[in-house]
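J.: In case you want the letters, here they are:
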Amino acid sequence: ANNAAGVQSSSSKPAANAPTVTIMVGGMSKQIYLPFMLAKELGYYEKAGVNVNLIDEPAGGDATQNMLAGQVQGVGGFYDHNIALQAQGKSSEAVVSMLQIPGEVELCRSDLKGKVTSPADFKGLSLGITDTGSSTDFLTQYLTKKAGVDPAATTRRGVGAGQTFIAAMKQKAIACGMTTEPTVSQALSDKTAFILLDMRTAAGSKAALGGTYPATSLYMQTEWVNSHKDTVQKLVNAYVSTLTWIQGHTPAEIADKMPADYYKGVGKPAYIHALTSEKGIFNPTGLMPEDGPKTCLAVLGEFNPKVQGKSIDLTKTYTNEFVSAATPVS
Amino acid sequence: MAAIELRNVTKKFATADGGTYTAIKDLSLTVEEGQFCAVVGPTGCGKSTTLTLVSGLERPSRGEALVHGEPVRGIDIETGFVFQQDAVFPWRSVLDNVAAGPVYRGAGRSEATRLARDWLRRVGLSGFEDRYPHQLSGGMRKRVALAQSLINQPRVLLMDEPFSALDVQTRAIMSTELLQLWDQTKPAVVFVTHDLEEAIALADKVVVITAGPGTVKAEFEIDLPRPRVVQEIRFQPAFTRIYEQVWEALRAEVAEAYARTTRVAELAS
Amino acid sequence: MAAIELRNVTKKFATADGGTYTAIKDLSLTVEEGQFCAVVGPTGCGKSTTLTLVSGLERPSRGEALVHGEPVRGIDIETGFVFQQDAVFPWRSVLDNVAAGPVYRGAGRSEATRLARDWLRRVGLSGFEDRYPHQLSGGMRKRVALAQSLINQPRVLLMDEPFSALDVQTRAIMSTELLQLWDQTKPAVVFVTHDLEEAIALADKVVVITAGPGTVKAEFEIDLPRPRVVQEIRFQPAFTRIYEQVWEALRAEVAEAYARTTRVAELAS
Amino acid sequence: MTDLHTPVTPSAHPAPLGTPPDEVQPAEAKSGMAAARRRRVVMAGLRVGIVAVLLVTWQLCVNAKLVDPFFWGEPSGVWASLRDWVTIGTPQGSLGDQILVTLEEAVLGFAVGSVLGVVCGIALGRVRLLAELFGPFLKAANSIPRIILGSIFTVAFGFGIQSKVILAVVLVFFGVFFNAFQGAREVDRNLIANARLLGASRWRVTRDVVLPSAFTWILASLHISFGFALIGALVGEILGANRGLGLLIRSSQNNFDMNGVLAGMVLVAVIALTAEALITLLERRLLRWRPPQTHGGAAVE
Amino acid sequence: MTDLHTPVTPSAHPAPLGTPPDEVQPAEAKSGMAAARRRRVVMAGLRVGIVAVLLVTWQLCVNAKLVDPFFWGEPSGVWASLRDWVTIGTPQGSLGDQILVTLEEAVLGFAVGSVLGVVCGIALGRVRLLAELFGPFLKAANSIPRIILGSIFTVAFGFGIQSKVILAVVLVFFGVFFNAFQGAREVDRNLIANARLLGASRWRVTRDVVLPSAFTWILASLHISFGFALIGALVGEILGANRGLGLLIRSSQNNFDMNGVLAGMVLVAVIALTAEALITLLERRLLRWRPPQTHGGAAVE
Ligand SMILES: Nc1ncnc2c1ncn2[C@@H]1O[C@H](COP(=O)(O)OP(=O)(O)OP(=O)(O)O)[C@@H](O)[C@H]1O
Ligand SMILES: Nc1ncnc2c1ncn2[C@@H]1O[C@H](COP(=O)(O)OP(=O)(O)OP(=O)(O)O)[C@@H](O)[C@H]1O
Ligand SMILES: [Mg+2]
Ligand SMILES: [Mg+2]
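Chains as they are written, first to last, in our numbering: chain E, 1 to 330; chain B, 1 to 269; chain U, 1 to 269; chain S, 1 to 301; chain R, 1 to 301.
This is chain E alone, in the form it adopts within the complex (with noise of 0.2 Å):
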């Protein structure tokens, strides 16, 4: 536990007139935002010259509305937030994307293994998601709707993750949810639930929503982005060499860099495990992948009630440029 406070200490430690960004993120502990602490204990907010601040948050839009606010400048969140704060005529645009897929995984119950074999048997049952309005809620009704069953016929209901999602399991609250890692790894130990549907590979995002659906993002307002460009590019440059360590180096030794308390409540070896299974996840670029936008905009046009029917400029939610002009930091 010591490494992981005495590094966060010494690299907290403001580099003279470096700028200091702000961010906040939607829970820092899950694996999926895993590149900010990530880049953070490799020292490379530093070494590219600017003071990164992050703030953890619960899940849930929050963290895009204090940005708006101006108490933070950037979130990481999922990427198709962009488009629903343009709906409401807000613009705010992803610098780096940093999860080409979800990263998220249906699971359902060991006890309907064999009567729940895809979503079109979703019909009728309580379905798990984090929170009303959240990404994993949209995403499981695209997901319901893609199998041809109208998602007014199943149940949504708010689990959160962790100790409250497996016990909504356990006690079948619910039948099947959609959450990440490490949930997904301690729900599969304890044989409490099955893998229906995995969105930490490529392949299986791919089979399930039919196109790759950009995630975690690093998203900023472009007012901000455009009168800071300096900035950005320094934290790009920290994301996207962060995004290259990721590929050369094998999970157990991401775990290590990791601080300590990460894996306190499931233990480092299951937390290695799902770092394994879900490696593939990261973006080993950081660019924003072509189909990505309009899979996300596919799913939101059609269940996000403040986005149907706006026309949304995909092009404004995202920009390719400060990843594209990248330097690595060390």
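Treat the hints with care, as some may be off.
[Said to hold, decoys possible] Straight-line C-alpha distance at most 27 Å; calculated DSSO-like pairs for lysine-lysine:
1. E/Lys316 x S/Lys65
2. E/Lys310 x E/Lys279
3. E/Lys268 x S/Lys65
4. E/Lys47 x R/Lys65
5. E/Lys146 x R/Lys65
[Said to hold, decoys possible] Partial list, computed: chain U residues near chain S (C-beta under 7 Å):
6. Tyr21
7. Ile77
8. Ala87
9. Trp91
10. Leu95
11. Ala100
12. Gly101
13. Tyr104
14. Arg105
15. Tyr132
[Unchecked claim] If you want the ones that stay clear, here's a sample from chain S, every Cβ over 12 Å from chain E, calculated:
16. Val51
17. Leu82
18. Glu104
19. Ile238
20. Arg243
21. Leu278
22. Leu286
Since the hints were derived computationally from the structure, they do not count as laboratory data. Virtual Cβ for every residue (Gly too), placed ideally from N, Cα, C.
Using the hints provided, position chains B, U, S and R with the ligands relative to the given structure of chain E.
T.: Below, chains B, U, S and R with the ligands without anything else, positioned relative to chain E:
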């Protein structure tokens, strides 16, 4: 101009069922400047209610209450009131309770304390300055209330059975103190009591209130010479004569009140 | 075996600074079965404190209190207590207040109500059954408390200035009622009063308590014949003789108490 | 909050026998009541006025682009949300259903929580041993954030109505408990002594003396407790539910729909005020025995 | 919660002049105090005993696999977390820092909230017009879930100490307000009348009569309010912060580390109990004038 004037006042209390209960009815009473007026009457006849009307704590349902010729509109700090029930401040020491009046009236802290000590001595509570009211006996609390009110030397002084918890002797001493004070500053006094001897010994005028809805039954001028020595006056023949007159008036009312509420007429002596 | 026995009891109250104040000291008192004992003494001498020791509300700091030969360990429901201060239940109507005792002692609702109505008549409160205490005058509340206690016909009856808020006449009527009740059930009575005449007229024995830390100064057996008519007895020569004896004893104590707390000896008459 | 509309005239009871009947019907009493009614109407008008002024100012600020409705909503939008919910229904079903679900949770939680609070408060207030043993535990428990409790409850009691009710119970309990406890200890010693001497058992003393005398305390806490019960229900829903006003508010929040959030709050406030009015009625009944309070006695002021 | 350890002997004041000095030093008083002290020790022992039994049972259940520590944690794990935090520090820095940050927010919120609550409560309790106008608004406001308020506050006031303090203020305010309001209305009419007659201005009446007499009410609410202030600070931190106990709890929760969550709660409870002890001291000082309470008067029971 009379110091206190009640003109045909009636006080009704609302009842839950929308009706009313008449506590006093068409009561008229005049107390001159510097006059000492004692009020007697059967229990529950409306004596305390009358005092609340004069002090401005309650308003008459009908009729008018005037003090120094002005209609009473609210509480007047020229009026002193010794309540029938405990009304000393439980969170203040005896000394601070008595010093409250002077402080509220703008006296300095030390001046107020000096005055309060003097008054505590007069009511026989020296040495109890630092006690809180719950640490006093019933009679002691009553004396604190007395000192609290008298220290302000009010121009109108309303006292509701101020000596009721005191033994005869202390009561006599307090009476003498009261008469001395009254002689110095000559306030108009309304003094409610159940002790007819006390009423006659102290007052210039004794008012007898009727049972039921209270109204004035009779007024008696007490022409005993002053200064009076309270303990001795009762042995004067003039005293006995007056006593008998007033007693006659009062007795009938008390009997009436009691008979009414017991519905057994023969019990009333 | 005496009904009430206090053996050298001392009661001290702790003071904030770790010291103590002695309210009564080495007080011994015996009240026989069926005896009516009146207690007089200057205000603040410890009369109420004595009653709390007999009733079990407080424990002596030293010495022992016995009732019917048993040491007092706590509240005994064979004991009736009329408090000096208001202790009627403000949330109960007059009728329910008086009916409380019988109900607690297991009487049926209707039986309790019947009894209560009877007692309300005796204390002159018929017609006020449905009032709440705050709608009563001071004297009426006192009578509710009286009825509340007497209705239980306790074997030991402690009364702390029960008639203090009543007019002379009502007081006389109540005294007569009290004597009648006492004659029927013959409880042992301790009756605290400030009215020496009342004490002598009612009691078999009058106890005079000293000033300061209270202790028994003198006891007087009252050998006036019974049944007594309270209003008339004071005119008997025997009464006057006893009165003067007791008064002598009491006067000195009152003067002493007053002198002490005023530190001005000449004020005490 | 007790009785903001104390009638001006103190209440009393039927005139006792022996009082001559009042020939003159007391015109003053009647006009007093009329005045009280008039006052009430004026007050209601003033309150509506305050709300109207606030709403209009707010809307004007939005229109003048001084306030960003994305963050703060706007009255017209809130109104539109409410209208939609009423006419079209909410995304989760009819509005009535959502309200009923939340109301059921809140009412249950309120009932259980306040009964528990009163019982425990009075028990600990009466029995010193209990207070000394368990007091510190209750105080410590009171400092645990309810959100965290909320997620533990969902783990323990599932995602049904249970966990929401329990959360509401917990929120209600502490306020009621501490007030009932204090109320039980504030009881006039003389009254307890008197009851004991009259023959009351300890249990009767508790029922007949301690409880009524602690009632002002308990009622004061009930006035705020229904609000707490509502919060418990809403937070419970936010933490895991598929129906209810809490979910409505949460999903509006997640959709960046501030107007929806505010519309939900308006509904909650309306429920709270209705409940409050009912509690005030109850209070008037139960505290009939009291002298009119200071507010009423205008003369004394 | 008032004074769970009322001394057995009621307090009084220096013996007045004229009382002969007590020759015999009252052995009973001394032994009474000793008995009280002994009682206190026994009670503390019993409480510790209860905790110990609970902890051991819990640990045994975990060891026997009756309870899954993933959901419920285990005492040894909680202890280990606490030890690590103390010896090595937390992931966010030294434990002392985290506690100080949370404490600062809570204390500020508590101070501001209770002063506001008392002032508003007394004002509305004294001035009928104010109560009638604003009462309903306050009651409605009380029913708004604080989590939702919390996220609005972070949007409005940022992630600094401000939004946490304001959340704590809001939580503290209502409890104190409603009790102060009720307390101000419970004041004995006679006392107010007496003060007015003695010459007190309305302001002096408020200060010298209403405030002291509402004090029991206010103090009763303060006892729970520090717990609320802590909750406000913690929830504020949970909703967005980079330091503090709330974050510690939240990140443990996000990491599925139930032991960490419980360890955080233990710390919070310790803080709450310490604060409570301080408030009790304050209470003893301020309410010296009162007769001993019912608990103390064992004889009356
Ligand atoms: N708030 C009230 N509501 C109804 N009736 C009341 C109220 N206050 C007083 N009364 C009634 O008015 C009558 C007169 O009461 P008041 O207190 O003036 O009597 P009193 O002459 O002072 O009696 P006492 O000598 O016993 O003190 C009584 O019958 C009493 O019951
Ligand atoms: N709780 C207490 N703490 C300190 N002193 C007390 C306490 N209770 C009573 N005393 C003191 O004890 C003495 C006796 O009080 P007690 O009430 O017995 O007097 P009393 O004889 O009944 O007087 P009264 O005739 O005025 O009612 C008084 O000096 C009083 O101040
Ligand atoms: Mg009266
Ligand atoms: Mg006494």
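J.: All hints, please: hold or fail.
T.: To see whether the hints hold, each was checked on the structure:
1. E/Lys316 x S/Lys65: OK: E/Lys316 and S/Lys65 at ~24 Å, within 27 Å.
2. E/Lys310 x E/Lys279: Violated, at roughly 35 Å.
3. E/Lys268 x S/Lys65: Not satisfied, since the Cα-Cα distance of roughly 52 Å exceeds 27 Å.
4. E/Lys47 x R/Lys65: violated, 48 Å
5. E/Lys146 x R/Lys65: violated, 43 Å
6. Tyr21: Given a least distance of 19 Å, the restraint on U/Tyr21 is violated.
7. Ile77: holds, 4 Å
8. Ala87: holds, 4 Å
9. Trp91: holds, 4 Å
10. Leu95: With Cβ-Cβ at 11 Å, over 7 Å, it is violated.
11. Ala100: holds, 5 Å
12. Gly101: Check passed: Cβ of U/Gly101 comes within 4 Å of chain S, closer than 7 Å.
13. Tyr104: holds, 4 Å
14. Arg105: holds, 4 Å
15. Tyr132: holds, 5 Å
16. Val51: holds, 26 Å
17. Leu82: holds, 16 Å
18. Glu104: holds, 18 Å
19. Ile238: violated, 8 Å
20. Arg243: Non-interface label on S/Arg243 violated, nearest chain E Cβ at 9 Å vs cutoff 12 Å.
21. Leu278: Label holds. Min Cβ-Cβ 31 Å, cutoff 12 Å.
22. Leu286: holds, 41 Å
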